[in-house]
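Enquirer: These are the residues of each chain, in order.
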Amino acid sequence: MKFLAATLASLVLATPVVAQGSAPMSTPLENTSTLSISDIQSVSPALGRYAKEDVAGLWQRPQLSRRDRSLVTVAILIARNQTLDLPHYINLALDSGVTPRELSEAITNLAFYAGWPNAMAAVAVTKDIFAQRRIGPDQLPAASPQLLPQNEQAEAIRVASVQRLLGTAAPGLGQYTTDPLFKDVWLRPDLSPRDRSLVTITSLMANGQVAQLGGHLNRALDNGLTQEQAGEVVTQIAFYAGWPNAFSAGPVVAEVFKGRSN
Amino acid sequence: MKFLAATLASLVLATPVVAQGSAPMSTPLENTSTLSISDIQSVSPALGRYAKEDVAGLWQRPQLSRRDRSLVTVAILIARNQTLDLPHYINLALDSGVTPRELSEAITNLAFYAGWPNAMAAVAVTKDIFAQRRIGPDQLPAASPQLLPQNEQAEAIRVASVQRLLGTAAPGLGQYTTDPLFKDVWLRPDLSPRDRSLVTITSLMANGQVAQLGGHLNRALDNGLTQEQAGEVVTQIAFYAGWPNAFSAGPVVAEVFKGRSN
Amino acid sequence: MKFLAATLASLVLATPVVAQGSAPMSTPLENTSTLSISDIQSVSPALGRYAKEDVAGLWQRPQLSRRDRSLVTVAILIARNQTLDLPHYINLALDSGVTPRELSEAITNLAFYAGWPNAMAAVAVTKDIFAQRRIGPDQLPAASPQLLPQNEQAEAIRVASVQRLLGTAAPGLGQYTTDPLFKDVWLRPDLSPRDRSLVTITSLMANGQVAQLGGHLNRALDNGLTQEQAGEVVTQIAFYAGWPNAFSAGPVVAEVFKGRSN
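If you're matching them up, the sequences are chains A, B and C in order. FYI, in UniProt numbering the residues of the first sequence are 1 to 262. FYI, in UniProt numbering the residues of the second sequence are 1 to 262. FYI, in UniProt numbering the residues of the third sequence are 1 to 262.
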């Protein structure tokens with residue numbers, strides 16, 4: 001009986017994925033939050049309309065795939081420690097092609113870029129979703145996998161830049177930035193460097209941390225993110241982290257694009 | 001019986017408003033949080049004293065009406081996603097002359113200026129308060145009301161400024177800023193332009209987003225907010241969003257006032 | 001029976017402190033969150049490893065005592081309104097030599113530097129911990145204690161600087177900054193000026209508020225914080241408030257150190 005129930009549960013859970021095949025955009029069109037459209041309308045009929053027209057339209061824009069967009073949105077919510085809608089968007093990400101392995105690595109990355117407590121709050125939500133979906137250790141990255149090779153030249157430039165910024169003021173920060181951050185986290189293979197950069201620039205934009213955005217955006221473009229995709233991340237930021245954060249990021253993004261065209 | 005219970009409930013809910021007439025300042029004097037003064041004192045006797053002396057005194061200052069102050073405080077809490085005290089201050093706002101229609105529009109506005117997930121968290125709290133107070137669709141703004149006329153000249157200047165800031169880096173952002181943000185949200189009639197500006201500058205100050213503050217403060221003053229009121233918003237920010245955010249906003253506000261006196 | 005149960009409960013609660021004597025670093029090594037290591041590993045085996053290796057190692061670094069580090073970490077969580085892990089770290093602070101009196105004052109201080117609602121969220125968590133630990137009014141600071149003497153010269157400089165920044169733009173802010181902030185809060189005796197400065201610079205760094213960091217860091221160093229300790233706060237910020245906030249603070253810290261060596 002227990003086995004049967006488990007099988008049924010897993011079938012039910014699989015349904016959105018199956019349904020997605022035949023009507024791919026139906027879920028986000030009608031559901032832009034853990035809250036229902038009628039809950040939203042009971043406070044703001046206008047937000048109900050914007051949800052159906054503008055937010056749903058946003059998710060259909062071709063400049064960023066639904067998979068990338070869901071990864072970006074999860075990163076925004078974790079970076080800003082907004083847990084109410086996190087279950088909804090983690091499920092949406094897993095239904096949109098973000099693998100458990102990639103989601104695990106994105107949370108790991110955000111422990112460094114948004115803060116350990118943000119990652120813990122994300123773990124608290126995600127562990128239940130993984131349990132419901134029967135995602136076990138075999139679908140997760142190893143704690144210590146074979147690492148990607150490091151670009152020694154870029155790393156030397158990075159170390160010199162940190163040295164210039166900090167001098168001897170915070171030796172612990174310099175040390176941990178080298179190891180584990182750049183000699184371990186950034187070389188982990190279960191999230192592509194392009195996606196790791198995507199999560200990182202999203203976190204920076206989501207919290208208005210534009211001082212570090214230029215360097216990381218250049219790295220993201222070097223890692224294969226296109227300019228069109230990066231510009232669309234700014235648009236996603238507007239809706240999910242507010243217009244002011246998008247308008248702080250936008251001019252930095254424009255400047256980086258300009259610098260690379262020269 | 002059910003009808004009787006409902007009537008009794010609505011009478012009980014109406015009591016604070018009635019009581020307010022005879023002893024207008026009693027509630028905020030004794031209650032500056034969802035927590036009771038004795039809860040606060042059980043951790044910090046000092047905060048209990050500051051609540052009674054300074055925070056209560058703040059709410060009595062004439063530079064900003066209690067109605068405006070409660071709208072500003074609700075905007076601060078939503079902008080910073082702080083839901084613990086939100087029910088207390090939403091009730092205070094509704095008891096202080098902010099109409100359900102205005103509150104609904106303020107949340108709608110903050111979906112754009114603070115982020116969609118902040119608005120969803122506010123909706124989750126507000127829908128229960130609206131249900132308790134029997135505030136139904138007839139007391140809410142229409143999803144698509146007749147819009148206010150647009151100031152075409154100001155809008156042309158705004159579009160040019162966005163174009164200058166973003167170039168072609170984030171076309172989606174430029175597009176959504178025009179519509180729905182400036183061709184729809186800002187023209188909705190159920191929150192006055194002055195109040196919409198008040199909510200917007202509050203959100204910017206509450207999150208230390210001073211880069212966009214100058215432009216929006218000028219718009220707020222054009223929309224009828226007085227300089228004395230704007231300066232007092234900074235004071236409210238100090239208590240409810242912390243001194244550093246007030247001291248980031250203060251010099252920008254001083255600069256804008258100076259620019260307008262020349 | 002009730003008395004016996006209370007005695008037993010208090011013995012159980014005392015256990016970590018006793019155990020700490022014999023194996024001082026065991027708790028933080030295995031427990032870096034309210035979540036268990038196995039919960040963390042069920043989402044990210046990598047974060048489980050970083051918790052055991054890097055975060056545990058961080059807590060053993062001699063540049064900042066475990067007592068200071070726990071005070072700093074509690075301040076980070078309150079400043080960022082992250083309540084999930086707050087009970088864990090408040091208990092850790094109380095087990096590491098932060099007295100209830102000091103914790104109460106730290107929360108009071110953060111009401112001003114991080115915002116009243118952040119302090120209320122901290123009170124909601126702390127009141128239950130104080131009740132469990134039977135920490136009553138006799139272990140808390142007085143609401144109106146005998147204040148420390150004020151440095152009149154430093155205060156005059158501060159007032160002039162506020163006047164220069166704000167002019168007449170926000171008279172309420174100037175007034176409340178003088179009293180209660182600098183004529184009352186900063187002179188309260190139950191948290192040393194060095195610790196009050198430590199909590200204040202931590203709050204500024206945790207929220208990326210670097211504009212006010214220089215002045216407060218100089219005050220912290222004047223109040224007895226060493227440069228090595230201040231640099232290590234930046235390292236703690238990296239882990240608990242994210243790398244970008246540490247890298248925004250780091251150059252300001254380096255600049256202040258440089259300014260004092262000239």
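Hints in this document: simulated from the structure, not taken from any laboratory. All values reported here derive from a predicted model rather than from experimental measurement. Any given hint could be a false lead.
Stated by the list, open to error - Using C-beta positions, here's what the derived DEER-type ranges look like:
#, chain 1, residue 1, chain 2, residue 2, range
1, A, K183, C, A142, 35 to 43 Å
2, A, L148, B, T168, 56 to 64 Å
3, B, P137, C, E155, 54 to 62 Å
4, C, G215, B, N262, 54 to 62 Å
5, A, S144, B, K258, 53 to 61 Å
6, B, N262, C, Q153, 19 to 27 Å
Claimed, not checked - Calculated pairs, DSS-like style, for lysine-lysine (alpha carbon to alpha carbon, straight line, at most 27 Å):
#, chain 1, residue 1, chain 2, residue 2
7, C, K127, B, K52
8, C, K183, A, K183
9, B, K52, C, K52
10, B, K52, A, K52
11, B, K127, A, K52
12, A, K127, C, K52
Every residue gets a Cβ at the ideal spot worked out from N, C-alpha and C, and that includes glycine.
Enquirer: Would you mind marking each hint as holding or not holding in the structure?
Expert: Here is how each hint holds up against the structure:
| no. | hint | result |
| --- | --- | --- |
| 1 | A:K183 with C:A142: 35 to 43 Å | 51 Å, violated |
| 2 | A:L148 with B:T168: 56 to 64 Å | 33 Å, violated |
| 3 | B:P137 with C:E155: 54 to 62 Å | 56 Å, holds |
| 4 | C:G215 with B:N262: 54 to 62 Å | 29 Å, violated |
| 5 | A:S144 with B:K258: 53 to 61 Å | 59 Å, holds |
| 6 | B:N262 with C:Q153: 19 to 27 Å | 36 Å, violated |
| 7 | C:K127 with B:K52 | 19 Å, holds |
| 8 | C:K183 with A:K183 | 49 Å, violated |
| 9 | B:K52 with C:K52 | 46 Å, violated |
| 10 | B:K52 with A:K52 | 45 Å, violated |
| 11 | B:K127 with A:K52 | 19 Å, holds |
| 12 | A:K127 with C:K52 | 19 Å, holds |
The structure does not agree with the numbered hints 1, 2, 4, 6, 8, 9 and 10 stated previously, though it agrees with the rest.
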